[in-house]
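Q: Model the full structure from these sequences, guided by the hints.
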Amino acid sequence: MRPEAVAAMTAELERVGNASSLHASGRRARRVVEESRERVAESLGVRPSDVVFTSGGTEADNLAIKGLFWSGRDADDSRTALAVSAAEHHAVLDPTQWLIDHEGAAVCFLPVDSTGRLDLDGLRECISEHASQLGLVSIMWANNEVGAISPIAEIADIVRSRGVLLHSDAVQAVGWVDVDASLVDALTVSGHKVGGPLGVGALVVGRDLSPTPLLHGGGQERDIRSGTLDVPAVAGFAAALEAAVSTRLERSRAIAALRDNLIARVLDAVPDAVLNGPAVGGPTSGGPTLGRADLNGSGDSALRLPGNAHFTFPGCEGDALLMLLDAAGVECSTGSACQAGVPQPSHVLLAMGADDASARGSLRFSLGHTSTARDVDELIAALTPSVDRARRAGLTTVPAGA
Amino acid sequence: MRILAALSGGVDSAVAAARAVESGHDVVAVHLALSRNPASHRTGARGCCTLEDSRDARRVADTLGIPFYIWDLSGRFQAEVIDNFIDEYAQGHTPNPCIRCNESIKFSAVLDRAMALDFDAVCTGHYARLIDSGDTRQLHRSVDSTKDQSYVLAVLDQQQLKRSMFPLGDSLKTEVRREATERGLLVAAKPESFDVCFISNGNTAAWLTEKLGSHPGDVRDAVTGDVLGAHDGAYAFTVGQRRGLGLARPSLDGERRYVVGVDTSTNTVFVGLGHLLDVDEIITGEPRWCGGAPGEHFEALAQIRAHGEPMPCDVWSTEDSLRVTLHTPARGVAPGQSLVVYDGTRALGSGTIDSARRRRLAALDSSPLSTATPSTSV
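Residue numbers (our numbering), protein chains in the order written: chain H, 24 to 425; chain P, 44 to 421.
These are computed hints drawn from the structure, not numbers from a lab.
Given the structure is predicted, the values throughout are model-derived calculations rather than measurements.
All C-beta atoms in this analysis are idealised placements derived from N, C-alpha and C, irrespective of residue type, glycine included.
Some chain H residues judged to face chain P by a derived CB distance under 10 Å, without partners named:
1. Leu347
2. Ala350
3. Arg415
Pairwise CB distance ranges, derived in the manner of DEER restraints:
4. Glu65(P) / His392(H): 30 to 40 Å
5. Asn127(P) / Ala380(H): 20 to 30 Å
6. Ala349(P) / Ala380(H): 34 to 44 Å
7. Ala380(H) / Thr189(P): 41 to 51 Å
8. Asn127(P) / Arg185(H): 51 to 61 Å
9. Gly241(H) / Arg221(P): 47 to 57 Å
Far from chain P, by Cβ distances over 12 Å, these chain H residues were calculated:
10. Thr81
11. Ala129
12. Thr138
13. Asp400
A: Below, the structure is given as structure tokens:
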């Protein structure tokens, strides 16, 4: 956790007080919550009353998808459809699938291009055909696997101009790219992804909207999300978010430079490795010229999250490579969801058009604020022997009958 | 050494891995996902590879402080164990899926992958001992005779045995459970697994009917050929079986009748009195020697099922088959079962049973009964 978050949290852990209570300690806790709400709102460019604290990103996504679908349908019974990108996180995809299975919802799964970015023509087509039936469109601000950043301003223009609500899961984006929550109707943020505590997050949702609650009870958080707030977690979250957003430019630039170095050296060490996701380098990479675009106030022009590098290593199984790199002290991720305890090929890569084998042979290297040039050196040193070995192992494990 | 420890989520593999760690090896754990549609929870002593087992395995690795991975071998397990099991039953054989799993999954697919990933050996919780004698690594029974699993490992050759590690072979199960408790492993009290792991309710006949369909046929007297009853599919019957025959007429003398032969080509189940099951000559397919072929003819002990008694015998070996003559006749020898040849506690090798017969029948000496092709005897 960020030191600011640890300090804010530990200060609250030593005090008592239920922010829902009216006595003195309750009032004090309430003040901490409201000040935290103001800090979160300020960091995201919205009003404090728009911020609904939740137990994290997954709850916020569920509240947006199910809550706004239900409330929209209650207000207008022709709104029985929603549209989500095919590359969304499971916290969006799974509640969407649940609405299909249990509420008879109709869904457009919006295509992404080969770099993982939303296909805007696909979105336009869906909107032009179904605008009056759509209760909600949900497009992630940045993709957690391949780092693709969505053109949210353009998307908002297409969606909101037709009177359709737009939600964006910005869990991966906040603190790394410029997130202006006022561009969308609802936005998901998570505490631990900005260097705050686990188990806290927020759904930013305008006062004019009242998503149907997932949790009913004491009426906290505008009656949208009942439950006693975790005051220390809320305070830590707000402190972390504020710090992440205020230091965003310099951190993004430094991490992007490190990441570009990593990509160049990986492609040098393993010439047939394939970089998945949007291109890097030049003005779009968060490299040297990124700063000026940002300083000019024209927003972040990068196509890819600065800390994300994602490769396919042909002939390797991601699992095997991960195991070998882990043994060499390099931590990475296959980016695949564990379904039923068994790693499955990533739905994001499949949505980008990858075949099963290359989806399985993929690895993500994530750089964060603790990453150093030495980490990259260690990765490069371990990579070539690991890839060679994983290729040999791959030959032994061609699944029978598959 | 770099050791790959297979963790099933049970107590044995957990203690085996713990011992490997304690011996100073560099240990990495894998849990093998063998089912494509794992159940959430284990029901009693049956089934395996549930999500609960996978979580238990992960907890063991966390407790031991070693890396943990899940390897998806469900495709190979389906093709080489489950489909093989169905095919064998469809041919009227009685296969042992644990042996197939050891030979084609655990000590083949997993072992090969482990070697390719720079491991030196695979460690499992099997109850068997490995004893190095000169250049040969011998496979021996475990000291706990009630848990001994050398029978299901006797398909392994030198290459495989030399890359295997069975840390529990010198221990009693009771000691292993106690050790698991002392080590703080939460699986210490988990029930034993029995039966076929992929048949979750233990009802093999119903499971086979679901896979192979219903094929009504006759139940005939093995001696007279008379039709005595009907069945839903000859594949579901095993030589030596007594229950589930559903015969309306008792035998003339009121004695129990058994399945003495299954002919899937005519979909016929043959039944007869118990003495028809007595055999003293068994023929197997190609022998698999754990440590080189021992010779063309030798005396040994034969075991024909996982927890069967070792039986004194003479073995005649060729490249293609074993002929085993039992010094005392045995009952319930079914094609498809494995015959393991022992020298004392040492497992020499194994062969899959093709046929068995009685060489010298006291009462019916003119009708040698082959359990593989019983129709020829009636």
